[in-house]
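Going down the list, the sequences are from chains Z and Y.
Just so you know, we're using the working numbering here: the first sequence kicks off at 1 and counts up by one.
Just so you know, we're using the working numbering here: the second sequence kicks off at 1001 and counts up by one.
By construction, these hints were calculated from the structure, which means they are not laboratory data.
Just to be clear, a hint being listed does not mean it is correct.
To be verified - In silico DSS-like pairs for lysine-lysine, Cα to Cα no more than 25 Å straight-line: (1) Z/Lys251 to Y/Lys1231; (2) Y/Lys1074 to Y/Lys1159; (3) Z/Lys74 to Z/Lys159; (4) Z/Lys251 to Z/Lys231; (5) Z/Lys251 to Y/Lys1159; (6) Y/Lys1159 to Z/Lys231; (7) Y/Lys1251 to Y/Lys1231; (8) Y/Lys1251 to Z/Lys231.
2 protein chains.
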Amino acid sequence: MRGLWLENRKLTYREDLPMPEPPEGEALIRVRLAGICATDLEMVRGYYPFTGVLGHEFVGEVVRAPSAPEWEGKRVVGEINVTCGHCAQCLAGRPTHCENRTVLGILGRNGVFAEYTTLPVANLLPVPDNVPDEKAVFTEPLAAAMEIQEQVHVHPTDKVLVVGAGRLGQLIAWSLTLTGAEVYAVVRRERQRALLEPYGVTCLTSEEVPHWAMDVVVEATGTPGGLALAKEAVHPRGTIVLKSTYAGEAKVRLSPWVVDEVHVVGSRCGPFAPALRHMEAGRLDPRTLIDAEYPLEEGLAAFEHAAQRGVFKVLLRP
Amino acid sequence: MRGLWLENRKLTYREDLPMPEPPEGEALIRVRLAGICATDLEMVRGYYPFTGVLGHEFVGEVVRAPSAPEWEGKRVVGEINVTCGHCAQCLAGRPTHCENRTVLGILGRNGVFAEYTTLPVANLLPVPDNVPDEKAVFTEPLAAAMEIQEQVHVHPTDKVLVVGAGRLGQLIAWSLTLTGAEVYAVVRRERQRALLEPYGVTCLTSEEVPHWAMDVVVEATGTPGGLALAKEAVHPRGTIVLKSTYAGEAKVRLSPWVVDEVHVVGSRCGPFAPALRHMEAGRLDPRTLIDAEYPLEEGLAAFEHAAQRGVFKVLLRP
């Protein structure tokens, strides 16, 4: 099988990967289209040790599902956390924090930058017919954006700021406008602004960010500077959502967090079904984020492209 | 007037301070007893620039209140934030975050380590007869402890850990037991343990703190090590309350906050009335925390005493 293999921080294109065999309860899935995200780029830089097929954003087609043959032939997306169902976190209703979890292309489980992958049938969701592959491949990052609304009650009368208007920041800002809130985003490039404006997001430069004006600020840059800007913008007792991959240690002045009694919430994977509903209803169209599509054979070039500044989404077609 | 004056990080005992004159709406208060807290010690170390009479924990007696003579002669405690009532924060129901606030002995307003002080009548609360001065002087720090329950819903079935069992940590742990929750505290000294046990708090050494076991962790040490221990103890999606004075910058690994989706809440001043109700009902008796009482003239010695490791509360009697 062809695929992109990560080992010792080195990503290689290989044609000798074994064809995966679905374990009990899992489905064999042919990957139709996959997306490269910031976590993939960080993993190649060594953010997290992982050996295997990289990649977790995908849309595919079920080839074989011995335990649930009704899924065969269906076009699907899949929740990336594979959980045990019996640990303390699973039993407490926090399955994405399962103590024994594997995570597609991230932790203990081969991912989707390959011709085929496997996932439990329980993780799969059918893709509505009117959602083409080029939209469906954004289900995972859009679900991650929706996690913010699972965690924080965003009121229709709130002022919300998104710091960072890249790949994920765009999906976050767009989805937040659906709450009815006033949504602002910090932009650095004209294209970021152009992508945000159809959704009614007000674009600001970092110098224009008002002091203590926001009820909720989403930090999507993964940088100490972004976090400082978020703290500047949020009002006392407001909420900062950390929605990014933070490498290493950050220097943080905690005293203003205490004095101004801010809430800081870490935010990771989110619910797939609401993301699919938004795309099925046409409330969001992530295809405007696509910069390029590469065949799997040119995966290393695709990674180089995705790592360039100002690039949004690069797709891989196996 | 006699008092302790802070200027350029230097604390001096002075006998030449002018007698304060209460402005419109304020009362002149004779200080009966005052307490030294960690913030006072940090301010002498330069945590925050302030020139004036230091001190904000007190119980006193109203000498003169031209706008509300019914208060004269009453024994009182007082909310330390003096607010404008018309800024965005006041109008949003966050008066302790008033943009134009002065804070007793901390910001733009002389404090209570003196014979007399002034506060708006609106800030005063009468002290119940059965609460002696030696208890009432703890109203402000106990109110700060109660702020945690204003901000976080602590369930009766929760497991709660307090990291740091000093002055404030004790009041926090004691007050949290009144929720019915299982309360744990990290202790370093035998006396910390002895003070906690009557309240049914389970004492742990830092090595005994369990991984991912707590619903809520209160960080009351103000150190990066305490924060790391709090992160270790809280379960995914649990809450860490920052309840301390953090000087300078801390190095924090933010990535585990994101991956485990923890909530972090800064917590400062709290409500006085519930603190007084707890003491009036005898649910808490902070007098066990008193290590020493000094006359105002020996205030500098009192500060030296309060700064020693393992010392709880040092009081000043003007």
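Cross-check of the supplied hints:
1. Between lysine 251 of chain Z and lysine 1231 of chain Y the CA atoms are separated by roughly 17 Å; this keeps the pair inside 25 Å, and the hint holds.
2. For the proposed pair lysine 1074 of chain Y and lysine 1159 of chain Y, the alpha carbon gap of about 41 Å is over 25 Å, so the pair is violated.
3. The straight-line distance between the Cα atoms of lysine 74 of chain Z and lysine 159 of chain Z is roughly 41 Å, outside the 25 Å bound, and the hint therefore fails.
4. Of the pairs offered as hints, the one joining lysine 251 of chain Z and lysine 231 of chain Z holds, with about 14 Å between alpha carbons and a cut-off of 25 Å not exceeded.
5. For a cut-off of 25 Å, the pair hint linking lysine 251 of chain Z to lysine 1159 of chain Y is broken: about 30 Å separates their Cα positions.
6. Distance check on the hinted pair: lysine 1159 of chain Y and lysine 231 of chain Z sit about 30 Å apart at the alpha-carbon level, beyond 25 Å; violated.
7. The straight-line distance between the Cα atoms of lysine 1251 of chain Y and lysine 1231 of chain Y is roughly 14 Å, inside the 25 Å bound, and the hint therefore holds.
8. Between lysine 1251 of chain Y and lysine 231 of chain Z, the direct Cα distance comes to roughly 17 Å. Compliance with the 25 Å bound is thereby established for this hinted pair.
Violation of the numbered hints given earlier is confined to hints 2, 3, 5, 6; the remaining hints are satisfied by the structure.
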